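Residue numbers (the working numbering), protein chains in the order written: chain X, 4 to 375; chain V, 24 to 130.
It is worth saying that the hints were derived from the structure and are not from the lab. Be aware that one or more of the hints could be misleading.
What the simulated footprint calls covered on chain X by chain V, stretch by stretch (three residues with Cβ under 8 Å from a Cβ of chain V suffice, anywhere in the stretch; the number is not a length) [stated by the list, open to error]:
| id | stretch |
| --- | --- |
| 1 | 255-269 |
| 2 | 305-318 |
What the simulated footprint calls covered on chain V by chain X, stretch by stretch (three residues with Cβ under 8 Å from a Cβ of chain X suffice, anywhere in the stretch; the number is not a length) [what the hints assert, rightly or not]:
| id | stretch |
| --- | --- |
| 3 | 86-93 |
| 4 | 101-113 |
| 5 | 116-122 |
Here the structure is a predicted model, which means the values were calculated and not measured. Ideal Cβ placement from N, Cα and C applies to all residues, glycine included.
Spelled out, the chains give:
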Amino acid sequence: MTKKPKVERRDYSLTGESARQAAEAGLVAAEWYHTEIPRKQMKALMARSDGPAMRDTILWAVLHVLTAAGGIYFWGSWWCVPFWIAYGVLYGSACDSRWHECGHGTAFRTRWMNDVVYHIASFQVMRNPINWRWSHARHHTDTIIVGRDAEIAWMHPVNLALKSLAYVGVVEVWRYFKAITRNAMGSLSPDEQNYTPESEWPKSIMVARIHLAIYVATALVALGMLLSGMGWASLIPFMVIGLPRIYGCWHMVMTGLLQHGGLAEDVLDHRLNSRTVYMNPISRWIYWNMNYHVEHHMFPMVPYHALPQLHEIVKHDLPEPDPSIWVAYRDMVRAILRQRREPGYYLRRDLPETARPYREDLHQAIPERATA
Amino acid sequence: MGDWIDVCDADDIEHEDVMRWDHDGRTFAIYRAPDGAVYATDGLCTHEQVHLADGMVMDHEIECPKHNGLFDYRSGAPLRAPVCEALATYPARIEGGRIQVMPDQAG
Ligand code: FES
Numbered sequence: 004m005t006k007k008p009k010v011e012r013r014d015y016s017l018t019g020e021s022a023r024q025a026a027e028a029g030l031v032a033a034e035w036y037h038t039e040i041p042r043k044q045m046k047a048l049m050a051r052s053d054g055p056a057m058r059d060t061i062l063w064a065v066l067h068v069l070t071a072a073g074g075i076y077f078w079g080s081w082w083c084v085p086f087w088i089a090y091g092v093l094y095g096s097a098c099d100s101r102w103h104e105c106g107h108g109t110a111f112r113t114r115w116m117n118d119v120v121y122h123i124a125s126f127q128v129m130r131n132p133i134n135w136r137w138s139h140a141r142h143h144t145d146t147i148i149v150g151r152d153a154e155i156a157w158m159h160p161v162n163l164a165l166k167s168l169a170y171v172g173v174v175e176v177w178r179y180f181k182a183i184t185r186n187a188m189g190s191l192s193p194d195e196q197n198y199t200p201e202s203e204w205p206k207s208i209m210v211a212r213i214h215l216a217i218y219v220a221t222a223l224v225a226l227g228m229l230l231s232g233m234g235w236a237s238l239i240p241f242m243v244i245g246l247p248r249i250y251g252c253w254h255m256v257m258t259g260l261l262q263h264g265g266l267a268e269d270v271l272d273h274r275l276n277s278r279t280v281y282m283n284p285i286s287r288w289i290y291w292n293m294n295y296h297v298e299h300h301m302f303p304m305v306p307y308h309a310l311p312q313l314h315e316i317v318k319h320d321l322p323e324p325d326p327s328i329w330v331a332y333r334d335m336v337r338a339i340l341r342q343r344r345e346p347g348y349y350l351r352r353d354l355p356e357t358a359r360p361y362r363e364d365l366h367q368a369i370p371e372r373a374t375a
Numbered sequence: 024m025g026d027w028i029d030v031c032d033a034d035d036i037e038h039e040d041v042m043r044w045d046h047d048g049r050t051f052a053i054y055r056a057p058d059g060a061v062y063a064t065d066g067l068c069t070h071e072q073v074h075l076a077d078g079m080v081m082d083h084e085i086e087c088p089k090h091n092g093l094f095d096y097r098s099g100a101p102l103r104a105p106v107c108e109a110l111a112t113y114p115a116r117i118e119g120g121r122i123q124v125m126p127d128q129a130g
């Protein structure tokens with residue numbers, strides 16, 4: 004009986020062998036495929052306004068207050084559970100899309116509004132806002148280029164047990180506290196140093212200290228409540244700050260893992276490595292339309308509220324979107340299971356007849372992954 | 024003092040927009056502000072050398088199409104990460120309905 008090939012672990016660090024290979028193969032800061040859109044139309048799509056994001060942010064803030072108030076008011080009875088579930092998603096999931104859109108500076112027209120929401124959302128999602136701004140820029144320059152992109156969610160061969168833990172955020176929270184403590188103590192990891200310019204390091208260290216100080220203050224309040232005999236209610240400060248990143252992150256992970264899962268690595272056409280999925284309106288509100296992910300990567304200047312319009316304009320040139328989260332998961336999981344055995348396999352979706360072919364000439368595969 | 028070089032008709036660029044202009048082996052971005060005033064900078068973003076002519080002009084700012092870095096195109100000053108380094112700017116004017124730039128006079 005022949006043994007099934009096992010995929011050898013790739014080096015996803017930004018300072019190792021894959022980084023060197025990616026550079027050699029011309030995959031670094033390369034030219035990417037994009038659909039042609041007339042300038043006039045593009046200008047209309049890129050236009051900024053404060054209105055949609057202000058409406059969404061006010062609603063987001065009000066819902067935070069109402070659901071947390073409900074959770075605290077009903078503390079000790081089962082009635083508090085739905086309130087915490089809702090609060091968890093608003094805090095631990097919706098933060099990701101706010102972090103993302105405001106980091107791009109596209110949510111609001113007014114710059115300081117983007118900055119304020121960006122910093123709040125970075126705290127909630129547990130990311131150092133300085134380092135992650137730069138890692139995300141890299142994710143756009145070198146999307147899913149191994150050895151370059153610091154935000155690759157699916158690293159081959161995928162450890163499914165570990166990946167499942169992402170839905171409760173424990174690994175990410177642990178990594179965040181390690182990273183933020185290291186930053187607060189004045190140092191950045193080699194990867195962080197690789198994508199964050201040195202001039203930004205002092206800011207990164209300062210923000211890390213602020214994050215840690217907030218958690219210490221939260222812990223002190225909880226301790227004070229415990230010492231004053233409040234028992235289980237002394238968990239409430241953590242239910243409000245910090246813990247939602249664990250009990251409420253499932254929606255962020257559910258949608259986020261679909262962005263690039265099961266698709267190609269080391270290509271220069273976002274239609275091959277990103278996924279657009281039609282979603283229900285609540286998920287789209289939480290996710291700020293990032294389900295139009297191919298569109299976002301091709302045109303990162305288009306604000307979230309214009310992505311459905313952009314989708315209508317470019318869909319003739321894109322693979323058919325997945326009709327639902329369920330179908331997208333079914334196909335992604337199948338592809339990922341295959342990727343665990345077949346090095347180099349990826350889910351290659353058919354393009355409609357109206358589309359220009361995949362830019363294979365821009366796809367310069369780096370040496371095939373070894374099999375063992 | 025360099026020479027004024029003819030670029031295009033003033034009407035070729037809408038107010039609050041940008042256009043690419045290549046000259047003498049170099050590439051520039053030519054802007055018209057909301058009030059119609061004309062400005063010129065280097066064409067490539069100082070972050071990763073992406074052309075700014077595909078970007079978006081908002082008031083007196085140009086947003087880079089790749090990572091949304093922001094510059095003030097009047098002074099070239101970087102306004103938002105990931106751009107840190109200023110853009111070179113060049114004198115520009117409208118003469119007789121034509122846009123002219125002095126490409127050898129980096130500001
Ligand atoms: S290339 Fe312009 S901001 Fe990155």
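Each hint tested on the structure:
no.	hint	verdict
1	255-269	violated (count 0)
2	305-318	violated (count 0)
3	86-93	holds (count 6)
4	101-113	holds (count 5)
5	116-122	violated (count 0)
Comparing the model with each earlier hint shows violations of hints 1, 2, 5; every other hint is respected.
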